[in-house]
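S.K.: Here is how the chains run, residue by residue.
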Amino acid sequence: MLTGKNTVITGTLQGIGKATLEYFVSNGANVWACAQRKDDAFEAYCKELEAKYGVWVKPVYFDLTDADAIKAAVKTIQSDKQLVDALVNIAGMARDAIFHMVSMDTMKLVFEVNFFSQILFSQYITKLMLRNPNPSSVVFVSSISAIDGNSGQLAYGSSKAALIGAMKTMSKELASKGIRVNAIAPGVIDTDMNKVVPQEVIDEKIKTMDIKRLGKPSEVASTIAFLCSDLSRHITGQTIRIDGGIK
Amino acid sequence: MTNLEKYQQAFCESFNLTNDKLAGLKYQDVPLWDSVGHMNLIAQLEDAFDIMMETDDIIDLSSFEKGMEILKEKYDVKFD
Numbered sequence: 001m002l003t004g005k006n007t008v009i010t011g012t013l014q015g016i017g018k019a020t021l022e023y024f025v026s027n028g029a030n031v032w033a034c035a036q037r038k039d040d041a042f043e044a045y046c047k048e049l050e051a052k053y054g055v056w057v058k059p060v061y062f063d064l065t066d067a068d069a070i071k072a073a074v075k076t077i078q079s080d081k082q083l084v085d086a087l088v089n090i091a092g093m094a095r096d097a098i099f100h101m102v103s104m105d106t107m108k109l110v111f112e113v114n115f116f117s118q119i120l121f122s123q124y125i126t127k128l129m130l131r132n133p134n135p136s137s138v139v140f141v142s143s144i145s146a147i148d149g150n151s152g153q154l155a156y157g158s159s160k161a162a163l164i165g166a167m168k169t170m171s172k173e174l175a176s177k178g179i180r181v182n183a184i185a186p187g188v189i190d191t192d193m194n195k196v197v198p199q200e201v202i203d204e205k206i207k208t209m210d211i212k213r214l215g216k217p218s219e220v221a222s223t224i225a226f227l228c229s230d231l232s233r234h235i236t237g238q239t240i241r242i243d244g245g246i247k
Numbered sequence: 248m249t250n251l252e253k254y255q256q257a258f259c260e261s262f263n264l265t266n267d268k269l270a271g272l273k274y275q276d277v278p279l280w281d282s283v284g285h286m287n288l289i290a291q292l293e294d295a296f297d298i299m300m301e302t303d304d305i306i307d308l309s310s311f312e313k314g315m316e317i318l319k320e321k322y323d324v325k326f327d
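Same order as they appear, the protein sequences are chains A and B.
Residue numbering for the first sequence follows the working numbering, beginning at 1 and increasing consecutively.
Residue numbering for the second sequence follows the working numbering, beginning at 248 and increasing consecutively.
Rather than coming from a laboratory, the hints here were simulated on the basis of the structure.
As the structure is a prediction and not an experimental result, all values here were calculated from the model.
Treat the hints with caution; some may be incorrect.
[To be verified] DSBU-like cross-link-like pairs, simulated, lysine-lysine; straight-line CA separation at most 30 angstroms:
1) A:K127 x A:K195
2) B:K273 x A:K71
3) A:K127 x B:K325
4) A:K177 x A:K195
5) A:K247 x A:K212
6) A:K75 x B:K313
7) B:K268 x A:K177
[As the list claims (entries may be wrong)] Which chain B residues face chain A? A few, computed with CB under 10 angstroms, are given here:
8) P278
9) V283
10) I289
11) E293
12) M300
13) I305
14) S309
15) E312
Ideal placement from N, C-alpha and C gives every residue a C-beta, glycine not left out.
So here's chain A without its partners, still in its complex pose (with noise of 0.2 angstroms):
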């Protein structure tokens, strides 16, 4: 499905980011792996995928609150002179608090993280996508959150608002250049991030669902790789909820 696709993934280093790494480079994706601070374990991984399935995957290592380190990660990437064909933006953070408890440095912080730091990096790795003849995908992982609400998360929903937003006005200018842009909504995902919710938080969740049980990582990484891939050509500005039929 995305053989030879050379593909820039943020927050790789777990959870979504991790399955989605899986996934690309076992469906033949060569990956720009994305990670907050360098990791030995990770290393080999990597080393370990690119054996595995005859593709490479390179660690890029930059903090999303750091602008230099995230022209610094481009500058790595560019210097690769490989063409690149596709950007996932997953790499984010939540900061769960009520609304009236939520303090304006943690709304600006979430923000740089899940929103502005995003653009910037988009806006620089898209730059090196226009140089490629038939470039694919651009994809943005937003929430539910963003879509619904959810109590608790104002700054993390809000973010992931903010996102669907941009990635609206990404597709309507770089649809002519051949780049689609579309983003995900996942629902309750079981990774390390909701392992800190409540189980009968969790438990309430589930028996809104149709499909009573929380979502796999891989569940959301098969849905990126299907906007990445030429499966979806004809696909922009779109928002995917993978909530399981949440209520």
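We have chain A already, so just place chain B on it with the hints.
M.R.: Frame of chain A; chain B shown alone:
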């Protein structure tokens, strides 16, 4: 090819112009130098000089001469 020649070539190829039309050329002076053409020019310049331009500089590059100034001051491109 000198840096000046590379710089001129980027403009000529992006906007379908000849060298004699470049002096004093400003953003939107010719139909091809619109926002889309601007990004084509940036790609050409980044390739030609192996640089990665920052967004503020992309916005500021409003004329043939201004571009040379930005490349000299911010990206250490020498035109002498």
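S.K.: Does the alpha-carbon distance linking K127 of chain A and K325 of chain B stay inside the 30 angstroms limit?
M.R.: The hint holds at about 24 angstroms.
S.K.: Please verify whether K268 of chain B and K177 of chain A have alpha carbons no more than 30 angstroms apart.
M.R.: holds, 27 angstroms
S.K.: When the nearest CB of chain A is found for P278 of chain B, is that gap smaller than 10 angstroms?
M.R.: violated, 16 angstroms
S.K.: Taking the closest Cβ pair, is M300 of chain B under 10 angstroms from chain A?
M.R.: holds, 8 angstroms
S.K.: Taking the closest Cβ pair, is V283 of chain B under 10 angstroms from chain A?
M.R.: Holds - the Cβ of V283 of chain B comes within 10 angstroms of chain A, reaching about 7 angstroms at its closest.
S.K.: Are the Cα positions of K273 of chain B and K71 of chain A separated by 30 angstroms at most?
M.R.: The hint holds at about 28 angstroms.
S.K.: Does the nearest C-beta of chain A fall within a distance shorter than 10 angstroms of the C-beta of I305 of chain B?
M.R.: Cβ of I305 of chain B sits 9 angstroms from chain A, so the hint holds.
S.K.: Min Cβ distance, E293 of chain B to chain A: is it shorter than 10 angstroms?
M.R.: Holds. Min distance 7 angstroms.
S.K.: For a C-alpha distance cap of 30 angstroms, please report whether K177 of chain A and K195 of chain A respect it.
M.R.: It is violated: about 41 angstroms lies between the C-alpha atoms, which goes past 30 angstroms.
S.K.: Please work out if K75 of chain A and K313 of chain B have their alpha carbons no farther apart than 30 angstroms.
M.R.: Holds: K75 of chain A and K313 of chain B sit about 24 angstroms apart, inside 30 angstroms.
S.K.: Would you check whether I289 of chain B satisfies its interface hint, that is, whether its CB is within less than 10 angstroms of any CB in chain A?
M.R.: I289 of chain B check passes; min Cβ-Cβ to chain A is 7 angstroms, inside 10 angstroms.
S.K.: Answer holds if the nearest beta-carbon of chain A is closer than 10 angstroms to that of E312 of chain B; otherwise answer violated.
M.R.: violated, 23 angstroms
The structure fails hints 1, 4, 8, 14, 15 (numbered hints given earlier, in ascending order).
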